[in-house]
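Chains as they are written, first to last, in the working numbering: chain A, 182 to 441; chain B, 797 to 1131.
Please note that the accuracy of each hint is not assured.
[Said to hold, decoys possible] Estimated spans, in silico, between C-beta atoms of each pair: (1) A:Lys257 with B:Asp1020: 35 to 41 angstroms; (2) B:Pro962 with A:Trp379: 52 to 58 angstroms; (3) B:Phe892 with A:Arg340: 26 to 32 angstroms; (4) A:Trp379 with B:Tyr862: 53 to 59 angstroms; (5) A:Lys383 with B:Tyr896: 37 to 43 angstroms; (6) A:Lys383 with B:Pro1016: 36 to 42 angstroms; (7) A:Ser242 with B:Gly1005: 23 to 29 angstroms.
[Stated by the list, open to error] Pairs of lysine-lysine, PhoX-like flavour, derived with a Cα cap of 20 angstroms: (8) A:Lys389 with B:Lys882; (9) B:Lys819 with A:Lys259; (10) A:Lys424 with B:Lys1118.
Simulated from the structure, these hints should not be mistaken for laboratory data. All C-beta atoms, glycine included, are put in the ideal place defined by N, C-alpha and C.
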Amino acid sequence: MKAVILSFLLLLTCQGYGQQKLHYVSLGTGLTYRDFFDEAISLLPYAGTGVSGHLGFRRESPKTINAFSLEGSSFKLKGPHSSDLIPMKIGTTNLRLEYSHLRKWKNWKAWQLAVGGYTGLLTNVKLAYQLDNSAIVYDNLIQLGMGASATREMKMLKRQVQIQWQANLPLLFHTMRPPYLNRIEFIDPESNILADAWQAGKITTWGKSFRLQSILSLSYPLKNGNQFRLQYNWEMYTIHLGKRVAAGEHGLQFHLLFKL
Amino acid sequence: MRAFLLFLSLGILVSCERIAFPKAEGENATAVFRVLWNTLDEGYSFFEYKQVNWDSIKTVYEPRIYDGMPDQELFSVCSQMLNELKDGHVNLRSGFDISYYPYHLDRPANMNKELLDHTYWRGFSITGPLLHTVIDSVGYVYYGSFQRKISEAQLDVVINRFANHPGIKGVIIDVRSNEGGDPINGQRILERVPHSGRKLLYYTKYKNGPGHNDFTQPQPSYYDEKGGDPKWPGKLVILTNRKCYSACNFFVAASKQYPLITRIGDKTGGGGGQPNGFELPNGWSINFSGSITYMPDGTIIEHGVEPDIHIDMDPMDVLNNKDTIIETALDYIRS
């Protein structure tokens, strides 16, 4: 079952190539804020700020919009009672690999609407040093779902800017969470944390896993067809496989888009 | 601009992930006690083995908890409850104190560092965490903490020193009062035992659910002899005392599968569960044993590993600046 779903994701990722028109590579960075609740660590929420990086590829034809992005962010989060005496500190690293293939659907007033498919990988590794051998906690979601966007162009600062809002809503997940007590078998020299995690992964859908992502961007044209983009990302996800997880992230990023 | 503001509003509107967060646990004393008790109830691995009735322990300590009680008093009551488990791997960390079960005080110390300094450690070398010397044709290594990493290169230095010493008869590896750390350091030492091949060391079953008997299937652990690298020369002796705990206890248990190694001293202190952790609603954290390890003959190592030659320090020897356990090991290797 897992193999079938992953093959389908790969197929979805590869389709749509061969069309032409606008191609952009984007590079970006930004600041981001994250809060989460993870019952495998604590019964209290954690929050904090971090930095993020972005690498993307976007292709737009008269009929389709394909967007691929690789984003990483790193945080130092604190719990509500964090002090010099009580650590309540967690370091987290997020990795997101995402692809959406949207087909332009229709115009609504000045807005160009597009709908299509979305697939992505979200990995969030949390290090709660105060928890001894339970310190390493992770959420890993491989997702398949749908995406939609609304785009319009308007005049701003004497240039034709583009405003776009895109939402991604996965429907099917391969979800990996640490085993009971966040067990890592340090006393077994042949233990393989990645193999164990993959083997324990579950195919889930809403109820067990949920994620929603919203990307709001404003693209401002520069010389030579390049663009400057200001982007606000928001996402939240929940997992309920024994221990509950809920997390949200707000990120503000600046991108440079280079026309190919 | 109106459209941009509209979209910005839309972006903010969906930014309410906190509605998905479960209600946070209260942070008063009764909530802290409840979470502490439940965490142990669902995670601690030795209730059955130690014949501990956790419910009855709750009835003893819960009435002493009241909201508004000072943190120090709450810590004290919780620590007393945890010490009922008689487990050095069960610790409550409050920031101002760490609870600790003194697992080693029921036995003599069986180690005197002043004596070692004056009599046996003169002219020693230090390679990383390993203090080493040669005592009358017997190599001697003291390793004080498994928290200090041993590299393969450091082991090469120490082993080559002994292997190249004329007339070397064997090596003493002294891990007395080593309270543990990372088991991989023990693995590195044992992989240098010659002609050992692949060794089945022990089995471990891990907690995998909230019931007191919810465990994974027993999982075997193996060490493989390190090919090509220098090996310990001659007879091997490991010195132990009651303060040899946790990763040190695993090391001594694993060494039982090596016929070339003899253990001399006192029974180790135990610590046969892998410590797991959780955070309490007031920010304190707790760690506790979450697994059970037993040797291939079925012996659970939580309460320590017996030596092959059991001997305590003789006070008369100490007065004469002699370490009874080292002297016994030297005699054994020379014999």
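Okay, the hints, checked on the actual structure:
no.	hint	verdict
1	A:Lys257 with B:Asp1020: 35 to 41 angstroms	39 angstroms, holds
2	B:Pro962 with A:Trp379: 52 to 58 angstroms	54 angstroms, holds
3	B:Phe892 with A:Arg340: 26 to 32 angstroms	60 angstroms, violated
4	A:Trp379 with B:Tyr862: 53 to 59 angstroms	48 angstroms, violated
5	A:Lys383 with B:Tyr896: 37 to 43 angstroms	39 angstroms, holds
6	A:Lys383 with B:Pro1016: 36 to 42 angstroms	26 angstroms, violated
7	A:Ser242 with B:Gly1005: 23 to 29 angstroms	53 angstroms, violated
8	A:Lys389 with B:Lys882	39 angstroms, violated
9	B:Lys819 with A:Lys259	18 angstroms, holds
10	A:Lys424 with B:Lys1118	56 angstroms, violated
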